[in-house]
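*Asks:* Following the hints, put chain B in place on chain A, whose structure we already have.
Number of protein chains: 2
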Amino acid sequence: MMPVDMADYSIGVDLGGTNLRAAAISREGKMLNKVAGLTNFAEGREAVLDDIVVAIESMREKHGPGLAGIGVGVPGFIRIKEGYLTGSNNLPYLENFPVRDAIAKRLGTPVILENDANAAALGEKWIGAGRDVEDLVLLTLGTGIGGGIIEGGRIVRGHLGMAGEFGHVTVIPEGNPCGCGNRGCLEKHASATAVTAMARLMQLGEDLSSKQVADLAAKDDVVGQKARAIWQTVGESLGAALAMLVNTFNFPLYLLSGGMLPAWDLFAPHMLRVVEERSFTYRTTKTETRIAQATLGNEAGLYGAAYLPWVEG
Amino acid sequence: MMPVDMADYSIGVDLGGTNLRAAAISREGKMLNKVAGLTNFAEGREAVLDDIVVAIESMREKHGPGLAGIGVGVPGFIRIKEGYLTGSNNLPYLENFPVRDAIAKRLGTPVILENDANAAALGEKWIGAGRDVEDLVLLTLGTGIGGGIIEGGRIVRGHLGMAGEFGHVTVIPEGNPCGCGNRGCLEKHASATAVTAMARLMQLGEDLSSKQVADLAAKDDVVGQKARAIWQTVGESLGAALAMLVNTFNFPLYLLSGGMLPAWDLFAPHMLRVVEERSFTYRTTKTETRIAQATLGNEAGLYGAAYLPWVEG
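These protein sequence lines map, in sequence, to chains A and B. Number 272 in numbering that gives the first Met the number 0 belongs to position 273 of the first sequence; there are no gaps in the numbering. Number 18 in numbering that gives the first Met the number 0 belongs to position 19 of the second sequence; there are no gaps in the numbering.
FYI, nobody ran anything at the bench for these hints, they're computed from the structure. Treat the hints with care, as some may be off.
Unchecked claim - Mimicking DSSO-like on lysine-lysine, the simulated pairs with C-alpha atoms at most 27 Å apart in a straight line are:
| # | chain 1 | residue 1 | chain 2 | residue 2 |
| --- | --- | --- | --- | --- |
| 1 | B | Lys61 | B | Lys29 |
| 2 | B | Lys80 | A | Lys285 |
| 3 | A | Lys80 | B | Lys285 |
| 4 | B | Lys210 | B | Lys225 |
| 5 | A | Lys80 | A | Lys104 |
| 6 | B | Lys29 | B | Lys80 |
Unchecked claim - Listed next, the stretches of chain A that the computed footprint assigns to chain B, with coverage defined by at least 3 CB atoms under 8 Å from CB atoms of chain B:
| # | stretch |
| --- | --- |
| 7 | 35-41 |
| 8 | 44-55 |
| 9 | 278-284 |
Ideal Cβ positions, reconstructed from N, Cα and C, are used throughout, including at glycine.
Isolated chain A (complex conformation):
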């Protein structure tokens, strides 16, 4: 761990399927500088790696020495020892490729690679909704569902770096088939993609966003009823997963983040009811167990990536 020093800063990179963002962040969590752009898909792997390196270099030049390190958050399974990315639906062109070492080599300095949901969980712990606890679980509700576990202030990575795959925990044993080979995975019943699919199946419309389905739930007719039933399913599925997580971890805090949070009031009551029904631990520790919204939005991963060198370096 580096000494805490006002001059110290770190660089975080959040590489997503569509966006590439990088930021220089001070040891106190102040964002000094940020760049954001589209991920340069079309021109292939080398172009994306170049973009990452250029973004980091520009930060480094601007803020000079005192750099604690560089953290990069990416979606998908990470083989942490090898610095490989595997099973990433969003970044297929980086699969089975030594992303970490390729970036480090271009920069001439080490880089820490991390799963994006793990990075987001760390960001929330650092300066977000989890700043007052040492242990938390984060569920990221997006097109898929990811997860991160923080214990004692550090990421629980698992021995290969694949811990926290809560999106593929079974919540409905005979539920929807999932691309992962299982059925009834949480992300088949509670992700934004699942909401869109349910809306289509219930003939509410094609390709509705979760925002649109949330708006429909306000209607005082059969359409509203159907939309509310969708959010009930989302809530109950999240509740089943959270009950399991509470029984497993007995942590003080479970956070949810992502684009579906605006529908919180529609799904959370169902979610909390099911956690209460299914977890004795939750019922008996309710005043000491919080299930709440994350607060950093889509900056969480950027903060967490930047924090990596301080906590995992």
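*Replies:* Coordinates of chain B only, in the frame set by chain A:
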């Protein structure tokens, strides 16, 4: 952490519903001395506490200075900060009572209290089936099902000391009602008690032990068929829970222990099949993920309790 020294030893106590055991164990894991007796139920709390203190005192007198510390494993939920025991079906007379401080006061020296399954997991990590890994999960299959999580060589306790309650993870959403208030808990479908209950419901006999149901499974008739179906249910339920655990932790090792292990060959194939069906992580990391039998038997908790002062002290 104390310096590793040949003279160092620790005292572990394993307090169960029927048995009280204590041992002096060297830093190298050699059992120097052991006493075992029945838990003095009938004469109440004070008598049991006296027995524990006498057992520890006798060890301390025999082995002299160089005592690293004292660890006590007990069944039930533990409020770790307060040293209280709550929700213990086996030790109701110790519930909501400051067990840890009562023992420490009598001894005039601190004591570390720990859940028995957590202690067993630590014992297996120290000198059992988990000695070569830093991270493991243990499921204890007995009249109930308990669990322990070791990460980075240490127990994951949760903020209140209740982590690892895998016995109450839902494996069959509409399954058997459980005393915990949930339905379809793992321990309602895969514990020794569940095996006995299934055998009764399937008219194989009253109060059959899991050993007896395992023996019946060898028969080449309808009775054998029913008994094998019971073990299939046990295996599938364990598989569902393990798939969730593998997705959650991505640890190298998942251990099962307890009186049902002799039936391993009857339930394990079903268990492993379901883990494979339900966990993408398991399928893609099969050569690096072991699901295996614990090796210390009912001594695991005693070893783990003795190891507590070295790792958690």
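*Asks:* Against each hint, give a clear statement of whether it holds in the structure.
*Replies:* Here is how each hint holds up against the structure:
no. : hint                : result
1   : B/Lys61 - B/Lys29   : holds, 16 Å
2   : B/Lys80 - A/Lys285  : holds, 17 Å
3   : A/Lys80 - B/Lys285  : holds, 17 Å
4   : B/Lys210 - B/Lys225 : holds, 15 Å
5   : A/Lys80 - A/Lys104  : holds, 16 Å
6   : B/Lys29 - B/Lys80   : violated, 30 Å
7   : 35-41               : violated (count 0)
8   : 44-55               : violated (count 0)
9   : 278-284             : holds (count 6)
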